[in-house]
Amino acid sequence: MGRELDHKLSFNIIFWSVFIFVGLPLIYTFGMTIGAWKKDLGLLDGKLFGLLMRSGLISLIISALSTVIGVVLAFFLYKTDIQFKSVLKIILLIPLFVSPYILAVAWRDLFLILGLSSSWISYVGMIGVLTMIFVPLSVLIIGSGLSNIDASLEESGLMLTSYKEVFWKIILPLIKPALISSLVLVFIFSISEFSVPAYFGVKVFTTEIFTQFSAFYNHSLAIFQSLLLVVICIALLFAERQYLAEAPFFSIGTKGVKQKVYQSSTKLGLWIVMAWLVISVGLPIVVLFAQAAQGGTAVFLKSFNLLRHSFLNSITLAFVGALLLTLVGVVAALGYLGQGRRRYQDYFDGMLLILFAIPSTILGVSLIQFYNHPALNFIYSSDAIIVIGYTGKFAFIAAKIIKNSVRQIPKSLIESAEIVGVNYWLRLRKIVFPILMPSIFTAFLVGFILCLGELGTTIMLYPPGTEIMPIKVFTLMANASDFLTSAMVLVVLAVSLIGVLGIYGLAYWIASKREKRYD
Amino acid sequence: MKHISILWSVVLLMLLSSCGKTKNEVVIYTSVDQVFSEPILKDFEQETGIKVKAVYDTEETKSTGVLNRLLAEKNNPQADVFWSGDPIRTIVLKQRGVTASYHSALAQDISPIFKDSEGHWTGFSARARVLIYNKNLLTDDDVPKSIFDLGNEKYKGKVAIANPLFGTTTFQFAALFSSLGYERAKLFLSSLKKNKVVIATSNGDVKKRVVKGEIACGLTDTDDAHEAVQEGANVGVVFLDQVGLGSLIMPNTVNLIYRAPNEANGKKLIDYLLSSKTEAKLAKSCAQMPLHKNVLIPKDVPSLDAIVPMQINYEETANKLQEIQNYLKSWVEN
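Just so you know, the protein sequences line up as chains A and B, in that order. Quick note: the working numbering has the first sequence finishing at residue 519, numbered continuously throughout. Quick note: the working numbering has the second sequence finishing at residue 853, numbered continuously throughout.
Derived from the structure by calculation, the hints contain no laboratory data. A couple of the hints might just be wrong.
What the hints assert, rightly or not - As a list, the in silico DSS-like pairs of lysine-lysine whose alpha-carbon atoms are at most 30 angstroms apart:
{"no.": "1", "chain 1": "A", "residue 1": "Lys302", "chain 2": "B", "residue 2": "Lys664"}
{"no.": "2", "chain 1": "B", "residue 1": "Lys848", "chain 2": "A", "residue 2": "Lys39"}
{"no.": "3", "chain 1": "A", "residue 1": "Lys47", "chain 2": "B", "residue 2": "Lys675"}
{"no.": "4", "chain 1": "B", "residue 1": "Lys712", "chain 2": "A", "residue 2": "Lys47"}
{"no.": "5", "chain 1": "B", "residue 1": "Lys800", "chain 2": "A", "residue 2": "Lys203"}
{"no.": "6", "chain 1": "B", "residue 1": "Lys705", "chain 2": "A", "residue 2": "Lys39"}
{"no.": "7", "chain 1": "A", "residue 1": "Lys302", "chain 2": "B", "residue 2": "Lys818"}
{"no.": "8", "chain 1": "B", "residue 1": "Lys803", "chain 2": "B", "residue 2": "Lys664"}
{"no.": "9", "chain 1": "B", "residue 1": "Lys713", "chain 2": "A", "residue 2": "Lys203"}
{"no.": "10", "chain 1": "B", "residue 1": "Lys715", "chain 2": "A", "residue 2": "Lys203"}
{"no.": "11", "chain 1": "A", "residue 1": "Lys203", "chain 2": "B", "residue 2": "Lys712"}
{"no.": "12", "chain 1": "B", "residue 1": "Lys570", "chain 2": "A", "residue 2": "Lys302"}
{"no.": "13", "chain 1": "A", "residue 1": "Lys38", "chain 2": "B", "residue 2": "Lys796"}
{"no.": "14", "chain 1": "B", "residue 1": "Lys673", "chain 2": "B", "residue 2": "Lys705"}
{"no.": "15", "chain 1": "A", "residue 1": "Lys302", "chain 2": "B", "residue 2": "Lys796"}
{"no.": "16", "chain 1": "A", "residue 1": "Lys302", "chain 2": "B", "residue 2": "Lys803"}
{"no.": "17", "chain 1": "A", "residue 1": "Lys203", "chain 2": "B", "residue 2": "Lys675"}
{"no.": "18", "chain 1": "A", "residue 1": "Lys47", "chain 2": "B", "residue 2": "Lys800"}
{"no.": "19", "chain 1": "B", "residue 1": "Lys796", "chain 2": "B", "residue 2": "Lys786"}
{"no.": "20", "chain 1": "B", "residue 1": "Lys715", "chain 2": "A", "residue 2": "Lys47"}
{"no.": "21", "chain 1": "B", "residue 1": "Lys561", "chain 2": "B", "residue 2": "Lys712"}
{"no.": "22", "chain 1": "B", "residue 1": "Lys705", "chain 2": "A", "residue 2": "Lys203"}
{"no.": "23", "chain 1": "B", "residue 1": "Lys848", "chain 2": "A", "residue 2": "Lys38"}
{"no.": "24", "chain 1": "B", "residue 1": "Lys800", "chain 2": "B", "residue 2": "Lys786"}
Unchecked claim - Derived DEER-like restraints, expressed as beta-carbon distance ranges:
{"no.": "25", "chain 1": "B", "residue 1": "Asp628", "chain 2": "A", "residue 2": "Gly46", "range": "51 to 59 angstroms"}
{"no.": "26", "chain 1": "A", "residue 1": "Ile121", "chain 2": "B", "residue 2": "Gly700", "range": "46 to 54 angstroms"}
{"no.": "27", "chain 1": "B", "residue 1": "Lys731", "chain 2": "A", "residue 2": "Thr297", "range": "22 to 30 angstroms"}
{"no.": "28", "chain 1": "A", "residue 1": "Tyr508", "chain 2": "B", "residue 2": "Gln749", "range": "45 to 53 angstroms"}
{"no.": "29", "chain 1": "A", "residue 1": "Leu60", "chain 2": "B", "residue 2": "Gln614", "range": "37 to 45 angstroms"}
{"no.": "30", "chain 1": "A", "residue 1": "Ala36", "chain 2": "B", "residue 2": "Glu637", "range": "26 to 34 angstroms"}
{"no.": "31", "chain 1": "A", "residue 1": "Ala507", "chain 2": "B", "residue 2": "Gly676", "range": "51 to 59 angstroms"}
{"no.": "32", "chain 1": "B", "residue 1": "Lys542", "chain 2": "A", "residue 2": "Ala290", "range": "47 to 55 angstroms"}
{"no.": "33", "chain 1": "B", "residue 1": "Gly700", "chain 2": "A", "residue 2": "Leu41", "range": "31 to 39 angstroms"}
Cβ coordinates follow ideal geometry from the N, Cα and C atoms, glycine included.
Produce the entire structure from the sequences given, and follow the hints as far as they go.
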C-alpha cells in the first residue's frame with residue numbers, strides 16, 4: 001500500500017507537470033485549429049496516403065537496417081573483450097552529434113567525388129545516411145539490453161549446447177524488448193525526419209507537412225497531417241505492447257551478478273566494428289577535414305571564435321534537458337515495475353509518444369502559441385522554453401530505454417524487500433536504481449546528445465539574443481564557404497565529444513565513490 | 520537525497536536566471552543570412568548602445584523559423600523589427616496584420632517601387648536573380664542569354680533551380696506569371712520540366728552543384744553567385760534577359776512589427792538599416808546593390824543603373840504567388 005501511495009505521488013507530480021508544460025500546449029494548438037479540420041479532411045486523398053505508405057516503408061527499411069547492424073556492433077562492443085572497446089563506443093556515437101543535414105551534405109559531397117550522381121543514389125543515399133545516424137541509437141539500446149543478461153543463463157546454456165544455439169535461443173529472446181525498442185524508436189525518428197530526405201530530394205510525408213507549413217502557411221492542415229503520423233506511431237506502440245505482453249521476461253544481470261563477456265579468439269569483432277566506424281564516422285570526417293583544410297588553420301580559429309559564445313550555453317541547456325527528461329523517463333518507467341495492468345502508465349506513455357512523434361516545427365508552434373502570453377513571458381523569453389521543448393521531444397526515448405530494464409527486474413526481488421518491511425524509497429535506492437543504473441545512464445547520455453544537436457524545435461523557440469551551437473552553425477552555414485562550414489562542424493564535434501567525455505568522467509567518478517562507500 | 524535537492528536547486532536557479540530583461544534593447548528577427556546581418560547589427564549596437572537581441576534564420580530552412588514564429592507570436596509580439604531578404608515574406612506578414620506602418624526619413628530618396636505606400640515595409644540593398652554557370656562545362660557562346668533559353672533541348676539535364684515552392688525562386692516564378700500571364704508562364708515551366716531541370720534544395724545548393732560541375736548552370740541570387748566567385752570557383756555570372764523581360768530585382772525589406780514592445784528602438788534600428796552606410800557595408804560583404812544614390816560600392820558589385828530590371832509590382836507579385844502555389848506544387852511533384 002505504501003509503495004502504491006509513494007509511487008502515485010511522484011508519478012502524479014511528473015505526469016501532471018509534463019501534461020501542463022508540454023501536453024496542454026499541444027492540445028491548445030490542436031483545439032485552435034479543429035474548426036478547420038473539416039475542410040482539411042477533404043484534402044486527404046489517395047496520393048497523400050500513398051506518400052504516407054512510402055514514408056513508412058522507407059522508415060521500416062532504415063529501422064530494420066539500424067537494428068540488425070546495431071545487434072552486430074552491440075554484441076562485439078558489449079559482450080566480447082575486443083580491444084579499445086570503451087573508446088570505440090564513444091567514437092560510434094559521433095554521427096549522433098552532428099545535425100543530420102550536415103552529415104547529408106558531407107555524404108553527398110563524397111558521392112560526387114566518387115562520381116555517383118544518378119537518381120537512385122538519392123534513395124540509397126537518404127536511407128544510408130539515416131541508417132548511419134541511427135545505428136548508434138540502436139547500439140546503445142541493444143547494448144544496454146545485452147549488459148543486463150544474467151551470465152548464469154548463458155553459462156547454463158553453453159554447458160548443454162553450442163554458442164550459436166545460445167545466441168538464437170537465449171540471448172536474442174532476452175534482448176527482444178531492446179530490439180523492438182530500437183525498431184520502434186528508429187522508425188519514429190526516420191518517419192519524422194525532414195532535413196535529410198529534403199536534401200536528397202526524396203519526397204516523403206514530412207516534406208509534405210513542411211510544404212503546407214512553409215510554402216502555404218497552412219498551419220491547420222500541417223497540424224492535421226501530423227496527426228496521421230501520430231496515429232501511425234500509436235498503432236506501432238500498441239502492436240509493440242501486444243507483442244511484448246506475450247514475450248517472456250527473464251531475470252537480468254544485476255549488481256553482484258557477473259555479466260558474461262566472451263573472449264574473442266580472432267580479431268574479427270574488432271575488424272567489423274572498425275570497418276563500420278570507418279564508413280560511418282571516418283569517411284564523413286575525412287570529407288569535412290579535406291574541405292576545412294582548404295581554408296588553412298585560420299579557418300579553424302575563425303570557426304572557434306564564431307561559436308565560442310555558444311559552447312557553455314549549449315552544454316548547460318543539453319545537460320539540464322537531459323536531467324529533466326531522464327527524471328521523466330524514470331518516473332514513467334517505474335510504473336511498469338512488477339506485473340499487472342498499468343492504465344495510467346499507459347496514458348503517460350501515450351502522451352510521451354505523441355509529443356515525440358509530432359514534427360518538431362508543430363511542437364515549436366504549439367509551445368509558442370501557448371507560452372507567448374504576457375503572464376507566461378517569464379518562461380517564453382527565457383531558456384526554460386528550450387528545456388521544455390527538449391523534454392517534450394525526447395522524454396519518450398528516456399522512458400523507453402529505462403522501461404526495458406524495469407520490465408526485466410524480477411518481481412521476487414521487490415517482493416522480498418517488501419516482506420521484510422523495506423520502504424518504497426529505500427527499495428528504489430537499494431534495489432531498483434542500482435539495477436537500472438546502466439539504463440538511466442544510457443537514457444541520460446542519449447538525451448544529452450539529442451538535446452545538444454536539436455534544431456527543429458529549438459530554431460522556433462530560442463529566445464532572441466541566445467546563442468546555441470547547432471543553430472549558430474545552421475544559420476551561419478547558409479552563405480559561409482564550404483571550408484568554414486566544415487570547420488564549424490568539426491569544432492561542434494570536438495565540443496560535443498568533450499561534453500560526452502565529461503559525462504563519462506562524471507559517471508565514473510560517481511561510480512567509484514559508490515564503490516568506495518560499499519567497500 | 521540532499522545532493523539531489525542541491526542539484527535541482529541549481530537547475531531551477533539556472534532556469535530562472537535568464538528571466539530578467541534589460542530595457543534599452545531592440546529585438547529583431549531576420550531571414551537574412553547571419554554572416555551578413557550579424558556584423559551590421561553589432562555595429563548598430565556599438566554605435567547606439569542599444570542592445571540588439573536577434574533571431575536568425577536561413578534560406579536552408581526556407582525561413583520557416585522566423586516567419587512562422589512571427590505569425591504565431593502575432594497576439595503578443597516579441598520582435599520589434601523584421602529584416603527580410605525579399606519583399607514577399609514581408610507582404611505575407613502585412614496581409615496577416617503582423618506589420619505596422621513606419622515611414623523612415625532615411626528612405627525618402629529610395630524609389631517608390633521599392634517601398635510600401637502605407638509604410639508597412641521599406642526596401643534597401645537589392646539582390647538580383649542571375650544565372651551562374653560552370654566555365655568548364657559551358658563556353659561563353661553557349662551561355663544562355665534569356666531565361667527562356669533554359670527550356671531549349673540544348674540544355675537538357677544541364678540546368679538547376681531551387682525548389683520553386685520556397686524562397687526567391689518562388690518570387691521569380693511569381694514575377695514571371697505576373698509579367699507573362701498564366702498561359703505563357705505555364706508553357707515556360709513545361710519546357711523546363713521537359714528539359715529535366717534539376718530541382719535543388721536551395722539557391723546555395725544550386726551554386727554548389729554548379730561550382731562542383733555536377734550541373735552546367737542554374738538560377739540563383741547575386742549574393743550566392745558573388746560568393747562562388749570570391750571563393751575562386753571557375754564560374755561565370757549572367758544577368759538574363761537584358762534585352763526584353765529584364766532581371767528580377769529583390770530588395771531587402773525592413774518593417775516595424777505591430778505592437779512592438781520596443782517601438783522607439785525598433786524605429787532607430789530601421790533608420791540604421793535604411794542608411795547609405797548600411798548599404799555600403801552590404802555591397803562590400805555580399806555584393807548587394809544599393810538603392811540610395813551615390814553609395815560607394817566595390818568595383819565587382821554591379822550598379823542597379825546598369826541592369827535592365829523586370830517591371831513588376833511587388834504587392835501584386837505576392838498576390839500572384841498565392842494564386843499559383845498549388846500549380847507550382849503539382850509542377851514540382853509531377
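To see whether the hints hold, each was checked on the structure:
1. A:Lys302 with B:Lys664: Not satisfied, since the Cα-Cα distance of roughly 39 angstroms exceeds 30 angstroms.
2. B:Lys848 with A:Lys39: OK: Lys848 (chain B) and Lys39 (chain A) at ~19 angstroms, within 30 angstroms.
3. A:Lys47 with B:Lys675: holds, 29 angstroms
4. B:Lys712 with A:Lys47: holds, 21 angstroms
5. B:Lys800 with A:Lys203: At roughly 39 angstroms apart (the allowed maximum being 30 angstroms), Lys203 (chain A) and Lys800 (chain B) break the hint.
6. B:Lys705 with A:Lys39: Holds, at roughly 28 angstroms.
7. A:Lys302 with B:Lys818: Within the cut-off at roughly 27 angstroms; holds.
8. B:Lys803 with B:Lys664: holds, 27 angstroms
9. B:Lys713 with A:Lys203: holds, 20 angstroms
10. B:Lys715 with A:Lys203: Distance ~17 angstroms between Lys715 (chain B) and Lys203 (chain A) Cα, so the pair holds.
11. A:Lys203 with B:Lys712: Holds, because 17 angstroms separates the two Cα atoms, which is no more than 30 angstroms.
12. B:Lys570 with A:Lys302: The hint holds at about 24 angstroms.
13. A:Lys38 with B:Lys796: violated, 52 angstroms
14. B:Lys673 with B:Lys705: Holds, at roughly 20 angstroms.
15. A:Lys302 with B:Lys796: holds, 26 angstroms
16. A:Lys302 with B:Lys803: holds, 20 angstroms
17. A:Lys203 with B:Lys675: Within the cut-off at roughly 23 angstroms; holds.
18. A:Lys47 with B:Lys800: violated, 49 angstroms
19. B:Lys796 with B:Lys786: It holds: about 17 angstroms lies between the C-alpha atoms, which stays within 30 angstroms.
20. B:Lys715 with A:Lys47: holds, 23 angstroms
21. B:Lys561 with B:Lys712: With Cα atoms ~44 angstroms apart, Lys561 (chain B) and Lys712 (chain B) exceed 30 angstroms; violated.
22. B:Lys705 with A:Lys203: Holds, at roughly 23 angstroms.
23. B:Lys848 with A:Lys38: holds, 22 angstroms
24. B:Lys800 with B:Lys786: holds, 20 angstroms
25. B:Asp628 with A:Gly46: 51 to 59 angstroms: For Gly46 (chain A) against Asp628 (chain B), whose Cβ atoms are near 56 angstroms apart, the range 51 to 59 angstroms holds.
26. A:Ile121 with B:Gly700: 46 to 54 angstroms: Roughly 39 angstroms apart at Cβ, these two residues miss the hinted range, so it is violated.
27. B:Lys731 with A:Thr297: 22 to 30 angstroms: Hint holds: Cβ distance 24 angstroms, inside 22 to 30 angstroms.
28. A:Tyr508 with B:Gln749: 45 to 53 angstroms: holds, 48 angstroms
29. A:Leu60 with B:Gln614: 37 to 45 angstroms: holds, 42 angstroms
30. A:Ala36 with B:Glu637: 26 to 34 angstroms: With Cβ atoms ~29 angstroms apart, the hint holds.
31. A:Ala507 with B:Gly676: 51 to 59 angstroms: For Gly676 (chain B) against Ala507 (chain A), whose Cβ atoms are near 54 angstroms apart, the range 51 to 59 angstroms holds.
32. B:Lys542 with A:Ala290: 47 to 55 angstroms: holds, 49 angstroms
33. B:Gly700 with A:Leu41: 31 to 39 angstroms: holds, 35 angstroms
Hint compliance for this structure: hints 1, 5, 13, 18, 21 and 26 are not met, and every other hint is.
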